[in-house]
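Protein chains: 2
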Amino acid sequence: MKQRYFDDLKAGDKFQSEAVEVLGAAIVEFAHKFDPQSFHLDPATAERTMFKGLIASGWHTAAITMRLFVRTLNFVEGAIGLGVDELRWPNPVRPGDLLRVETEIVDVRPSRSKPNHGIVRLRNVTKNQRDEIVQTMSAAALVPRHAVGDR
Amino acid sequence: MKQRYFDDLKAGDKFQSEAVEVLGAAIVEFAHKFDPQSFHLDPATAERTMFKGLIASGWHTAAITMRLFVRTLNFVEGAIGLGVDELRWPNPVRPGDLLRVETEIVDVRPSRSKPNHGIVRLRNVTKNQRDEIVQTMSAAALVPRHAVGDR
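Chains G and Z supply the protein sequences, listed in that same order.
Positions 1 to 151 (our numbering) are the ones given, in order, by the first sequence.
Positions 1 to 151 (our numbering) are the ones given, in order, by the second sequence.
It is worth saying that the hints were derived from the structure and are not from the lab.
Hints may contain errors.
Unchecked claim - Not everything, but these chain Z residues come out facing chain G in the computed CB check (under 7 Å):
#1 K2
#2 Y5
#3 D35
#4 S38
#5 G58
#6 W59
#7 M66
#8 D85
#9 R88
#10 P90
#11 P92
#12 P95
Every value quoted in this text rests on a predicted model; they were computed, and no experiment measured them.
C-beta atoms are modelled at their ideal positions from N, C-alpha and C, and glycine is treated no differently.
Throw the hints in and build the complete structure from the sequences for me.
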């Protein structure tokens, strides 16, 4: 699998992740650990909420999105998250949904403080098997550059 | 433990969560599932990164923050996340760190589309045992109101 550097990216580049299925058991497990609320924890109780059934924690969707993004971009040494804005969950994620992430590179610039790195701004859109958007976010990440001798 | 409704909150209210220890094994487990990058996965490899040791995924810190927040505010029926902005990780989380969350209610208003709910805007600041800020975020959540007959 191709490993990427900052230098391999330019504004406008688009990437599509593989798809991953979200199992009901994983929704419940994540909720027990991190987001113990009725609509994430128990199918029967969730039936009586406005969601009419179990839905994933938004933080679970965000974490799944991170996995898909990391595997798709596959940065050498990894991408260090600087911050996230406009994180939204316009539609719920339900058991059995197949999620995939579309990444668009919005901006790239060398880091002033860390000359071996560049700053990448990107937008991630997470969709389900019906092409409904379940999450959107903008992010900035610090990504390694090629060593000068490599270029 | 007191259960809260939208009507129990006003702008300026502040809450402090309990503290929770972040174990190295939990950092690695979360990373394997959701953020498989070297500085989150393996202490030896992480030693050779700019962090000089294992650090938690920002999404892990966000998920831990959610747990602490949910347990502190303890909304009846739960709080439905509408969105998050200005999510930042100014300092890394390392194995053995004790995290706690300070919540400030920024704004409250009734929901126009869902009369049984109100919208709460809040700011969560997550700190470690040395009072260093490891995460900040702003969020909006949909929270149940008292039934009219209850007021």
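Against the structure, the hints:
no.: 1; hint: K2; result: violated (16 Å)
no.: 2; hint: Y5; result: violated (15 Å)
no.: 3; hint: D35; result: holds (5 Å)
no.: 4; hint: S38; result: holds (6 Å)
no.: 5; hint: G58; result: holds (5 Å)
no.: 6; hint: W59; result: holds (5 Å)
no.: 7; hint: M66; result: holds (5 Å)
no.: 8; hint: D85; result: holds (5 Å)
no.: 9; hint: R88; result: holds (5 Å)
no.: 10; hint: P90; result: violated (9 Å)
no.: 11; hint: P92; result: violated (10 Å)
no.: 12; hint: P95; result: violated (17 Å)
Consistency with the previously given hints fails for numbers 1, 2, 10, 11, 12, ordered from lowest to highest.
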